[in-house]
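> The lines below spell out each chain.
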Amino acid sequence: MPETLVLEVRRYRPEEEAEPTWQRYQVPFRREWMVLDALNHIKDHLDGSLSFRWSCRMGVCGSCGMMVNGDPVLTCATYLETLLPGPVRVEPLRGFPVIRDLVGALTDFLVKLRRVQPWIVRETESPPAQGEYRQTPDELAAYRSYAQCINCMLCYSACPIYELEPGFLGPAVIALAQRYNLDSRDQGREARMEVLSEHDGIWACTLVGECSTVCPKHVDPAGAIQRYKLEAAAAWAKALLRPGSGP
Amino acid sequence: MNPAYRRHHPKWHRARMPIFWWLRKWSYFRFIARELTSLFVAYAAVLLLVELRAVGAGPEALARFTAWLRSPPVVALHVVVLLALLFHTLTWLHLAPRAMVVRLGSRRVPDVAVLMGHYGGWLAASGLVAWVLLR
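Protein chains in written order, with my numbering: chain S, 1 to 247; chain L, 1001 to 1135.
Note that these hints are calculated values from the structure, not bench results.
Any given hint might turn out to be false.
Negatives, chain L to chain S, calculated, CB over 12 Å [stated by the list, open to error]:
no. : residue
1   : Met1017
2   : Thr1066
3   : Ser1071
4   : Met1116
With a Cα cut of at most 20 Å, we get these calculated SDA-like pairs of lysine to any residue [stated by the list, open to error]:
no. : chain 1 : residue 1 : chain 2 : residue 2
5   : S       : Lys217    : S       : Gly86
6   : S       : Lys229    : L       : Pro1072
7   : S       : Lys229    : L       : Leu1093
8   : S       : Lys112    : S       : Gly48
9   : S       : Lys217    : S       : Ser145
10  : S       : Lys217    : L       : Leu1093
All values derive from a computational prediction rather than experimental measurement.
Here a beta-carbon is modelled for each residue, glycine too, at the ideal position from N, C-alpha and C.
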């Protein structure tokens, strides 16, 4: 095992430079270290000016996603050992504007997410005294996999369509819409379908499939989008055959 | 506001997507190849229509068409077309379980079973065509 490892980190300091540059750091190699540990070593001991996001260090918060050797990964869940002999290239997530160093601007995702109403929509709310909206285990299982999304944005970085067509709603937004559509307590399916059926919604997806491959929580956004397409096409055919019955 | 401070106006950097982005990863290349091989699917459909027209035009037209099909350059072309069609078909069939969630009662049918169902359908359709042509 080597004693040290080289990290090549993409730096962007808007007050100093117009284009990002690469900076090399030599860090100690520890078998138990993740890429995030190496970045924190740089921050604490070598260069305090390096900027990056992180929080939980246990693959839950979804804030430490970066490109490592060209692949979008959670840096808190990627062992340095798997990247030997190095150098290890660390870049900000692809597809997002870079604010500084490894920090991307996620505003676009947040604006789009709000459009699909990622919460339980009710036509009428029953009073709290009547108790909670109950679900069977099967009803929970119907949407549970989509509820695992941690908004880490790896799927956006893996999706070339999002990079080519920035208007595209993107994998996580559609998967999260599906999460609520499949929830037996929700009644907002039709309102979401209007947004999802737009040109920049489900139909912009050409099924590259990488979003599902890189998802650290096995959410399968590509599957959610294709299921939506089937559903939208069936609704369209139904409306054509029986006018007034469609969405 | 303290005059010593100044507002932070970040100048975001937006990277341009390279033209050859589809060479970054094998999966991107496979995706582009899958999309482009749809042209071969269109070619095969047109070829079938032309063949049907030749059948309708009588034995002489059909013989001319068959002779054209048997010429070495056309055979070579159609070997390439066949490989492209197989690639297109197989890559699409393997995506089918992702789009179809089939339920039997409360249980979801496994992806492998959905995939095998598609292969079974393909085999049955091919068998039917073979039976019509070879009987």
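> Quick one, are Lys229(S) and Leu1093(L) close enough, alpha carbons at most 20 Å?
17 Å, holds
> Closest CB-CB distance from Met1017(L) to chain S, is it above 12 Å?
5 Å, violated
> Given the proposed pairing of Lys217(S) with Gly86(S), does the C-alpha separation stay at or below 20 Å?
Between Lys217(S) and Gly86(S) the Cα gap is close to 27 Å, so the pair fails against 20 Å, i.e. violated.
> Measuring Cβ to Cβ, find out whether Met1116(L) lies farther than 12 Å from everything in chain S.
18 Å, holds
> Hey, does Ser1071(L) actually stay past 12 Å from chain S on C-beta?
Holds, since 37 Å exceeds 12 Å.
> Taking only the CA atoms, is the gap from Lys217(S) to Ser145(S) under or equal to 20 Å?
At roughly 8 Å apart (the allowed maximum being 20 Å), Ser145(S) and Lys217(S) satisfy the hint.
> Lys229(S) and Pro1072(L) were given as a pair; does the straight-line alpha-carbon distance stay at or below 20 Å?
43 Å, violated
> Need the status of pair Lys217(S), Leu1093(L): alpha-carbon distance at most 20 Å?
25 Å, violated
> Does Gly48(S) lie within 20 Å of Lys112(S) when you go C-alpha to C-alpha?
Roughly 34 Å between the alpha carbons, so the hint for Lys112(S) and Gly48(S) is violated.
> At 12 Å, judged by beta carbons, does Thr1066(L) keep clear of chain S as stated?
Fine: 38 Å to the nearest Cβ keeps Thr1066(L) off the interface.
Hint violations for this structure: numbers 1, 5, 6, 8 and 10, all remaining hints satisfied.
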